[in-house]
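Dock chain X against the given chain S, drawing on the hints supplied.
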Amino acid sequence: MKLELRNITKRFGTLVANDKISLTLAPGEILSLLGENGAGKSTLMNVLYGLLQPDEGQILLDDKAVKFSGPGEAMASGIGMVHQHFMLIPVFTVAENVVLGNEPTGKVGNLDLEAARKLVKEISDRFGFDIDPDARVQDLPVGAQQRVEIIKSLARDAKILVLDEPTAVLTPQETDELMDIMRGLSKNGTSIIFITHKLREVQKVADRIIVIRQGKVVSEASPKATAGELASLMVGREVDLDTKKKAAKLGAETLVVKNLTVLDDRNQQMVDGISFSVNDGEILAIAGVQGNGQTELAEAILGLRKIHSGSITVAGKDLTKSNVRQVLEAGVGYIPEDRKKDGLVGEFTIAENLMLDGSFGKPFAKGVQIDFAKRDEIASKLIQEFDIRTPSAGTFAKQLSGGNQQKVVVAREMSRDLRVLIASQPTRGVDVGSIEFIHEQIVAARDAGKTVVIISTELDEVLALADRIAVMYRGRIVGIVDAKTTREKLGKMMAGIAA
Amino acid sequence: MKNVEVTPGMFSSATVRPSLKTPITLVVASLVVLVFFGFLGKAGDISFVWSDKREALQLPPFIVNSMFFCTIVGAVLLMIGLLSVALSIRGTRTPVWLIAIYSLGAMMALLGWLATEATQGVQMIFILSNTLVLAIPLIFGGMAGIMSERVGVVNIAIEGQLLTGAFVSAIVGSMTKNLYVGLIAAMIAAALLSTVLASLAIKYLVEQIIIGVLLNVLVIGVTNFLYSAWVDDDSINLNFPGTFEKLPIPLLSEIPVLGQVLFNNRITVYLMFILVPLLWYVLFRTKLGLRARAVGEHPLAADTVGINVAKTRFWWVTIGGAVAGLGGAALTIGNVGSFGREMSAGLGFIALAVVILGRWQPIYVTLGALLFGFTIILKVWANQVSPGIPVDFITMVPYLVTLLAVAGFAGRVKPPAASGQPYVKG
Numbered sequence: 001m002k003l004e005l006r007n008i009t010k011r012f013g014t015l016v017a018n019d020k021i022s023l024t025l026a027p028g029e030i031l032s033l034l035g036e037n038g039a040g041k042s043t044l045m046n047v048l049y050g051l052l053q054p055d056e057g058q059i060l061l062d063d064k065a066v067k068f069s070g071p072g073e074a075m076a077s078g079i080g081m082v083h084q085h086f087m088l089i090p091v092f093t094v095a096e097n098v099v100l101g102n103e104p105t106g107k108v109g110n111l112d113l114e115a116a117r118k119l120v121k122e123i124s125d126r127f128g129f130d131i132d133p134d135a136r137v138q139d140l141p142v143g144a145q146q147r148v149e150i151i152k153s154l155a156r157d158a159k160i161l162v163l164d165e166p167t168a169v170l171t172p173q174e175t176d177e178l179m180d181i182m183r184g185l186s187k188n189g190t191s192i193i194f195i196t197h198k199l200r201e202v203q204k205v206a207d208r209i210i211v212i213r214q215g216k217v218v219s220e221a222s223p224k225a226t227a228g229e230l231a232s233l234m235v236g237r238e239v240d241l242d243t244k245k246k247a248a249k250l251g252a253e254t255l256v257v258k259n260l261t262v263l264d265d266r267n268q269q270m271v272d273g274i275s276f277s278v279n280d281g282e283i284l285a286i287a288g289v290q291g292n293g294q295t296e297l298a299e300a301i302l303g304l305r306k307i308h309s310g311s312i313t314v315a316g317k318d319l320t321k322s323n324v325r326q327v328l329e330a331g332v333g334y335i336p337e338d339r340k341k342d343g344l345v346g347e348f349t350i351a352e353n354l355m356l357d358g359s360f361g362k363p364f365a366k367g368v369q370i371d372f373a374k375r376d377e378i379a380s381k382l383i384q385e386f387d388i389r390t391p392s393a394g395t396f397a398k399q400l401s402g403g404n405q406q407k408v409v410v411a412r413e414m415s416r417d418l419r420v421l422i423a424s425q426p427t428r429g430v431d432v433g434s435i436e437f438i439h440e441q442i443v444a445a446r447d448a449g450k451t452v453v454i455i456s457t458e459l460d461e462v463l464a465l466a467d468r469i470a471v472m473y474r475g476r477i478v479g480i481v482d483a484k485t486t487r488e489k490l491g492k493m494m495a496g497i498a499a
Numbered sequence: 001m002k003n004v005e006v007t008p009g010m011f012s013s014a015t016v017r018p019s020l021k022t023p024i025t026l027v028v029a030s031l032v033v034l035v036f037f038g039f040l041g042k043a044g045d046i047s048f049v050w051s052d053k054r055e056a057l058q059l060p061p062f063i064v065n066s067m068f069f070c071t072i073v074g075a076v077l078l079m080i081g082l083l084s085v086a087l088s089i090r091g092t093r094t095p096v097w098l099i100a101i102y103s104l105g106a107m108m109a110l111l112g113w114l115a116t117e118a119t120q121g122v123q124m125i126f127i128l129s130n131t132l133v134l135a136i137p138l139i140f141g142g143m144a145g146i147m148s149e150r151v152g153v154v155n156i157a158i159e160g161q162l163l164t165g166a167f168v169s170a171i172v173g174s175m176t177k178n179l180y181v182g183l184i185a186a187m188i189a190a191a192l193l194s195t196v197l198a199s200l201a202i203k204y205l206v207e208q209i210i211i212g213v214l215l216n217v218l219v220i221g222v223t224n225f226l227y228s229a230w231v232d233d234d235s236i237n238l239n240f241p242g243t244f245e246k247l248p249i250p251l252l253s254e255i256p257v258l259g260q261v262l263f264n265n266r267i268t269v270y271l272m273f274i275l276v277p278l279l280w281y282v283l284f285r286t287k288l289g290l291r292a293r294a295v296g297e298h299p300l301a302a303d304t305v306g307i308n309v310a311k312t313r314f315w316w317v318t319i320g321g322a323v324a325g326l327g328g329a330a331l332t333i334g335n336v337g338s339f340g341r342e343m344s345a346g347l348g349f350i351a352l353a354v355v356i357l358g359r360w361q362p363i364y365v366t367l368g369a370l371l372f373g374f375t376i377i378l379k380v381w382a383n384q385v386s387p388g389i390p391v392d393f394i395t396m397v398p399y400l401v402t403l404l405a406v407a408g409f410a411g412r413v414k415p416p417a418a419s420g421q422p423y424v425k426g
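These protein sequence lines map, in sequence, to chains S and X.
Numbered as in my numbering, the first sequence ends at 499 without a single skipped number.
Numbered as in my numbering, the second sequence ends at 426 without a single skipped number.
Heads up, a few of these hints could be off.
What the hints assert, rightly or not - Here are the simulated DSS-like pairs of lysine-lysine, each with C-alpha atoms no more than 27 angstroms apart in a straight line:
| id | chain 1 | residue 1 | chain 2 | residue 2 |
| --- | --- | --- | --- | --- |
| 1 | X | K287 | X | K379 |
| 2 | X | K287 | S | K159 |
| 3 | S | K2 | S | K67 |
| 4 | S | K2 | S | K198 |
| 5 | S | K107 | X | K311 |
| 6 | S | K121 | X | K287 |
| 7 | S | K159 | S | K67 |
| 8 | S | K258 | S | K321 |
| 9 | S | K398 | S | K341 |
| 10 | S | K64 | S | K306 |
| 11 | X | K287 | S | K118 |
| 12 | S | K484 | S | K246 |
| 13 | S | K204 | S | K187 |
| 14 | S | K341 | X | K414 |
| 15 | S | K67 | X | K203 |
| 16 | X | K414 | X | K287 |
| 17 | S | K244 | S | K484 |
| 18 | S | K317 | S | K249 |
| 19 | S | K20 | S | K216 |
| 20 | X | K21 | S | K306 |
| 21 | S | K224 | S | K398 |
| 22 | S | K67 | X | K21 |
| 23 | S | K107 | X | K287 |
| 24 | S | K198 | S | K20 |
| 25 | S | K67 | S | K216 |
| 26 | S | K245 | S | K198 |
What the hints contain is simulated information worked out from the structure, not anything from laboratory work.
Just chain X, same shape as in the assembly:
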């Protein structure tokens, strides 16, 4: 007797060549950089500015000819693109780190090309620190999304929770003249909103998407009404909270470039630094996290080992709501300084997309959110340094990069298996 030979694993895998979409996009984009930014580019100089004027330690700006810089970068990108084509033909996927390097290069070329001959140059600190600040609401929203999807509840209402947090923190912060009270009030209000989603979805098994959409519409309606009927008439007392003070961290904030970007921020940013690793740790290194993920993957199995599915889902969704509330507060008292109508402007939905892009992993979701933060600041900045440029066209670029990133990641990780499915006891 002989054994039937089978390659390791249950079934042998077919050799299916990875799609050529990613490599081809990489090559085409690098040709765009090479030809339009390089050969046909602008003749002047680019100056990359690495230091703020206020900093003690000043780094000299990096000044380079625009055409030369973009040609070199474009050539490097083209090489990466061709390498990717070769890898695909030989049956391997393009590694993610390679795509990351490519993206960075492409961004630098784009920034440089935009700022050629601009007097202020490419202000790296301005761009990076604003990227971070603008990404904060998205990151908190994304963490809220992770917390509810990991336990199997799809939370479309992040948008509404952000808006609630933004509104409540501004009003309460103004009325009490204490921003910390405003922050806590925002968390409580958004958590309460989340309990509505949680109890309707878990106890009464209402379709999760419908509740989410309705909650979003409700919050927009209520905040708009209160804003025009009440807040707007007395905005000095009701909608003028100001923002948290910046708290530079001693020593760390002195580090060139990074110190200014990372360690000279408001408390909302520092809270993010704490929350993201904490959530990762709880999810993947504690029993709370193990149970939560079990509930999101296979609730019946969790039930049979004595885990209370409904309770687990309820608390994770509710606390997730509080986190989203924090994100809303970051919009007002963490950045702008007052509330405006519908100021969350779709950030909650982008957060949902970022959750998927980041594969339900706190660290990856944070990186994804930063990418979106960058697109927002890019729009503003491009208009300043290079007036007359079609800004909408420029803002397309980071999304193209996002698409590439998704293509690199795609198909490797599945969402929590029971996401969106109500659990009914037999």
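Isolated chain S, as found in the complex:
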């Protein structure tokens, strides 16, 4: 099926998310939509999928104008979408998820699960997916869940498949498998729109690339373009893809984690007896696919999560049973992985967010009262120092862009007298300019002799920053390797294969 989008415009209040975007997609083509976080890619696809209504513009399928008032109509027209956050119901089986909304039924209107199983099996075999129709989705690894999403679209005869940031949750190997699947689908005549901000993947699989910046199509590029060229098109200026850093000067061993085990609410060992230590002046990167226990590890160090067994010490001080405040006072700074949930209070101003960690004493409080003058003075200083782009210190945090919100968190955590910095996904959902800035800050902290742990699922970030790399898989550390380890090897470790 041929798809054409003509002058699609979508506004949210004063923000123009999509500004007269036009594109075409030929049958069997793999088109890549490349753009930074917040460039408007997902909005465009939600318009195509009927989840959002365009303010202006047209969608044409085989040269006929169509209008979708909901995803049901888009699907009926042959458009399928695999969302960045999977649209699967965890407690349902694969078969139930696949047929939901389009159920085969028996004589008395009962659900024909046998037919559903056969359908899953058939599609799964045709593309070599290896999915058990009776498995509960919540028990499947993310890579398999994604294949369930693809089966779901194929079961509805999707001729056009939209994949929204599909590789964010995959290991490098799973990513390669996904690319093979995409090529196989396109050979069968399915057109694919592949949304991503990762240059390497685009170069590998796309037939054609469209670059979107600030809601506009800025250019069309060939997959033969270099990563540097694509990056500057995406960002709109020359980008230096390498972070410069000097050789590490190792100091004393400061953060020591020994046989740490942390449980979740179902008594699963999310952190499963791991040990490591980090020195002053060193960056240890904890790599791994999302959901392998990294979050729980960070929260355990911070005192946010109960430790089942094992110990954590910072500079010889045992913090195993300490609460968060004691951990902070021991000199630990923490950049949480989800700034909106754990890093900021959206309804507070920037100045208020910058004092969240110090509200119980000097310099922010005088007796029981907040020292407002001091607060604002510190806020303006940090806004300057950390290049937070905001109209004023009194602006609400939720009004800032992702990159600037993250800088607020970074500013607050790094302005304390730190011994150890734990940064979890420090640049997730952040624009390239802010990524560069935050990376520089992290390297500067290490050069100033702090102990730094970054937790990241992006191999690019890990390789850019790390002095040593620990790979986590299902709650355990597969291995700790030096920063020169190849991507291939790290990829294997991320899938649990030790060197």
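Relative to chain S, chain X alone:
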């Protein structure tokens, strides 16, 4: 290269010993039975009566010495308790069926002890059939709760819907002299009340708990007002509907004990027999149910496959309201025969608790409701057979059993993930 070994499943599970709370409670309760009902118990005889006088086939009563019976039962219970302790120490939970057997034994000992030397004995048919009748409003209320929570709406207004059903069925039944019209009117009225909850919660995103509480208060106010300003002055014509005839089912009602308890009832009870399995079937075996559960678990996902979230929620909550209305009618024209002020008396809230106890499953919720029905009749009956006994103390016992049951079930099933959360389209 070697693979990192990981036990099946994503992460390996830690061996955390199950809590000793349940086993210890079991042991303590069995000691109470053994010592107070057994060793220090009453000397007379207990007679367990299994047949109604009217029945054709009479079963002989089971007569046994009270101390002997309670000692034996207490000893068995103590063994189950110790077994449970042993299981816990070895890292296994006490199975639910074992707790069920234990509960039954404890109940029999309690009933027997209460009725020792009472001339009428332990009238099993009386107790069981009243348990069933009294549980009916709770069961219908519980089904209404399941229907709305399964699609993601918390329905605190079940209490109000029961009261509405009770009021409307009594008044309409009296005025039309036709109880079936009263029954249908009760369903419609309660469904209408539900549409208020549904539309405020779904369309206008008002906090569901607040609407529920306000609706309950409103219904109490309105029924009280109408009752004193209008109904009470002419209660012969307005509030004297009587009850449905009992409809014994041929053959089935002849079965000893069970026939009298289950198959010689009013239409409201039979409707329950139909509704509970039907709801189970629709929820778990049809596409309607699959879609409803999808909406309650992950509304956005349901939306992306073309399911209309708002519509699904609206209809399930509304029809749930009609079911609760049926429960209200069961209170008046299905049991008492007239309306009284605030006669739902918190049953709607108990129904909500039963929904959780029964893990949002129609069959389990029904069993939970029966347990509460039993507590109500126990209170009445204990006072008759054993005057002077502190009745409030006795009625505590079934709740203790409930607690045990909850402990046995606890932590195994989660509520529908999107329960209580409004769904706003992006």
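Exercise. Has the given pair, K398 (chain S) with K341 (chain S), been kept, meaning a C-alpha gap of at most 27 angstroms?
Worked result: 11 angstroms, holds
Exercise. Under the criterion that the straight-line Cα-Cα distance not exceed 27 angstroms, is the pair K244 (chain S), K484 (chain S) satisfied?
Worked result: 15 angstroms, holds
Exercise. Regarding the pair K67 (chain S) and K21 (chain X), is the alpha-carbon distance no greater than 27 angstroms?
Worked result: 60 angstroms, violated
Exercise. Given the hint that K484 (chain S) pairs with K246 (chain S), does the C-alpha gap stay at or below 27 angstroms?
Worked result: 15 angstroms, holds
Exercise. Does the alpha-carbon distance linking K159 (chain S) and K67 (chain S) stay inside the 27 angstroms limit?
Worked result: The hint holds at about 17 angstroms.
Problem set entry | Restraint check for K414 (chain X) with K287 (chain X), where alpha carbons must lie at most 27 angstroms apart | 22 angstroms, holds
For this session: Would you mind confirming whether the straight-line C-alpha gap from K258 (chain S) to K321 (chain S) stays at or under 27 angstroms?
Result: 14 angstroms, holds
For this session: Decide if the proposed pair is consistent with the structure: K287 (chain X) and K379 (chain X), CA atoms, cutoff 27 angstroms inclusive.
Result: Given pair K287 (chain X), K379 (chain X) is violated - Cα atoms ~43 angstroms apart, limit 27 angstroms.
Problem set entry | Pairwise hint evaluation, K414 (chain X) against K341 (chain S), where the allowed Cα distance is 27 angstroms at most | Holds, at about 23 angstroms.
Exercise. Taking 27 angstroms as the top limit, are the C-alpha atoms of K107 (chain S) and K287 (chain X) close enough?
Worked result: Given that 27 angstroms is the threshold and the Cα spacing comes to 12 angstroms, the pair holds.
Problem set entry | 27 angstroms Cα cutoff - pair K2 (chain S), K198 (chain S) | Holds. K2 (chain S) to K198 (chain S) sits at ~26 angstroms (cutoff 27 angstroms).
For this session: Could you grab the alpha-carbon distance between K317 (chain S) and K249 (chain S) and see if it respects the 27 angstroms cut-off?
Result: 23 angstroms, holds
The structure shown violates the earlier hints numbered 1, 10, 21 and 22.
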